[in-house]
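Per this note's numbering: the sequence shown ends with 182, consecutive numbering throughout.
Worth flagging that the hints you see were computed from the coordinates, not collected in a lab. Don't be surprised by glycine CBs; every beta carbon is placed ideally from N, CA and C. A few of these clues could be false.
Computed spacing ranges between beta-carbons, pair by pair [said to hold, decoys possible]:
(1) 93 / 178: 26 to 32 Å
(2) 176 / 53: 16 to 22 Å
(3) 178 / 55: 31 to 37 Å
(4) 133 / 178: 19 to 25 Å
Listed next, the in silico DSBU-like pairs over lysine-lysine satisfying Cα-Cα at most 30 Å (straight line) [to be verified]:
(5) 100 / 164
(6) 100 / 55
(7) 55 / 96
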Amino acid sequence: MIELDTLADRGAKIRVVGVGGGGTNAINSMIDKGLIGVDFIAVNTDMQALERNKASHKIQVGKNLTRGLGAGADPTVGHRAVEEDREEIARALAGSDMVFITAGMGGGTGTGGGPIVANIAKSLGALVVGIVTRPFNSEG
Numbered sequence: 043m044i045e046l047d048t049l050a051d052r053g054a055k056i057r058v059v060g061v062g063g064g065g066t067n068a069i070n071s072m073i074d075k076g077l078i079g080v081d082f083i084a085v086n087t088d089m090q091a092l093e094r095n096k097a098s099h100k101i102q103v104g105k106n107l108t109r110g111l112g113a114g115a116d117p118t119v120g121h122r123a124v125e126e127d128r129e130e131i132a133r134a135l136a137g138s139d140m141v142f143i144t145a146g147m148g149g150g151t152g153t154g155g156g157p158i159v160a161n162i163a164k165s166l167g168a169l170v171v172g173i174v175t176r177p178f179n180s181e182g
């Protein structure tokens, strides 16, 4: 079990942001394993996947661009989708001391949008840590 409650006890605001399908699946795993002392935020273009996510805070990005259908494994679409909702993400991350961003680097939203979320968190003064997975060569 991973415990981050020591920092939280001292008043540090820690958030874990899952971006895209891989990232939001990762935060579901963390929630299932009982990770405490952090706030979870799910960021995705895929509305159905977001509805199934267990995070307490969910942000559907690119509503106008993707109409809730995902980024189609296109990082450019993921990038544009996160940019479209940059202000909502900034509001959700405001006051964070540390932000962990988890994403898969094989699809569209995580690959294209993850770095944008990191830049937003950094611009707000948070310490930012990226946790990414790479697909197997056979996956794309």
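Do the hints match the structure? See the list:
Remark: the range hint 26 to 32 Å for residue 93 to residue 178 is upheld by a beta-carbon distance near 28 Å. With their beta carbons about 35 Å apart, residue 176 and residue 53 fall outside the hinted range of 16 to 22 Å. A C-beta distance of roughly 36 Å is found between residue 178 and residue 55, which places it inside the suggested range of 31 to 37 Å. Distance hint check for residue 133 and residue 178: the Cβ-Cβ separation is about 36 Å, which falls outside the suggested range of 19 to 25 Å.
Restraint check for residue 100 and residue 164: satisfied, since their Cα atoms lie roughly 20 Å apart, inside the 30 Å limit. Straight-line distance between C-alpha atoms of residue 100 and residue 55 comes to about 18 Å, which keeps the hinted pair within the 30 Å bound. Simply put, residue 55 and residue 96 have alpha-carbon atoms about 20 Å apart, close enough for the 30 Å limit, and the pair holds.
Checked against the numbered hints given earlier, the structure breaks hints 2 and 4 and satisfies all the rest.
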